[in-house]
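> Given the coordinates of chain A, assemble chain B onto it according to the supplied hints.
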Amino acid sequence: MQDRPTSIELLETIAWFLETEVLDELEGSKRHQTRVAINLCHILMREFDLAQSGDIKESERLGNLLDISSEEGSERLNQILCDRLRQSCDVDFEKRALETLLENVKSKLAIVKPGHDDYNFKSELDR
Amino acid sequence: MKDLSVGLSKFLSEIWETDVSVRNLDRASAGARRRNLLFNAVTEIDDIPLVATIMPTPDIEDLPMDVEASVLEFAREAGVPAPRLVGVTTNPKYVGGSMFVTHRVFGESIPRKILRLSESQTGLGDRIVRQCGEALAHLHKFPISRIDSRIERPKFDDPAQQAVDDLLEDHSLLPQPSPTITMALSWLSRNKPASPEALSLVHGDLRNGNIAVDDTGLVAIYDWEIAHLGDPMEDLAWLCVRAWRFRQDDKEVGGLGDRDTLFEGYHSAGGSIDLIRFRWWRLLRTVWWGIGLAKQAAEHLDGSFRSIIMAASGRRVAELEYDILMLLSGEYSTIEF
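Protein chains in written order, with the numbering used here: chain A, 1 to 127; chain B, 128 to 464.
The shape of chain A in the complex, shown without the other chains (with noise of 0.2 Å):
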């Protein structure tokens, strides 16, 4: 076990570090990389809180769709769902996957971009 900080207080201090007492010293595009840069951090942070749960969830779902255990991940689950989305065009299976995909997506938008769920298109979607 390694010594405090953690490794998500760790992050949390580069991206102090580079808020603090790096960005004003900077302008243009590495000012831009910068903020790209502790954006990236923030991002680390909640993955450890969120990822492992996330993930587990995500193989769920998908193993639910598939009718396959949950066991293979869902790297591989993933892959599985390609290939039968490529394969066929079943609409009524398009339709059960675009849910799926659509809470899955949710999960990793949690992480990364939290709140870009809450637009919800309605009011382009029927013109």
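Read the hints as simulated data drawn from the structure, not as lab findings.
Honestly, I wouldn't trust all of these hints.
[What the hints assert, rightly or not] Below, in silico cross-link-like pairs of lysine-lysine (DSS-like), each with a Cα-Cα straight-line distance of 25 Å or less: (1) Lys220/B x Lys240/B; (2) Lys122/A x Lys106/A; (3) Lys129/B x Lys30/A; (4) Lys240/B x Lys113/A.
Quick caveat, the model's predicted, so the values are computed rather than measured.
Just chain B now, with coordinates in the frame of chain A:
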């Protein structure tokens, strides 16, 4: 920078047939591969603000610089506010790569600053949106008969089929295929719309990010590097893709205004809208950008283009997947809001 300054003076002195010196040479915000340099060209009688766009190494995905320069001239002739061309060279002897030089346009081009400017003045956002519609109509109705033959033309003059084929290939080359994108490509392939009556020159990347505005409205449309012959609805759809709204999601056109205003501008300048094709291209270009972001991450990871921005792009794919699924849900009408 000194070499660049010397190269630029030599180039301009040759094409203008007079001594030209360069002052105030500065880098503008650079694209991923190209470099934009701001400078003033000084002659005995003039001091002219210019921009040099330099491609250090040829990029197979984009137009050669001399073709892009001809597109700028085509667009201006059509009545579109594209930057005015000064000269172009494919000879690397001046600045180490091919280059074109244009007159500098003074206006705001950073998306968030454009949004702030539009919010500070009542009606400015709508005016910019309307002017984008007008500019696109002018571009799309201009006859393509005299256009450079090296500009990409879709196989069998079927832009939708070409676009789907290109994306299927790009997606198949990614290290991590996306079921969302796979499903969207399958839907797009099965629901391909009819081709437009005539092909048009399509800018291909008109969005908040490739325009310059001031307090009078739209002053320039930049970045013609992926212009191609295709379906005019592609340009209108790309302008409305959510990724370019910068959190102003209720304003479909770049966070600046609504789609009806864009369509009104397009109509008023002689364009006609096909909503079915518009919707199809809106989904296609959302998929296109999702794949584009995944490609950027892949290029970073395989070492061909290391960049923190490109790495971060991989984690933006989920945003596009969400947008794709929501657009698809509208087509399937399965989701209860």
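> Starting from the hint list further up, note which numbers the structure goes against and sort them upward.
Those not satisfied come down to hint 1.
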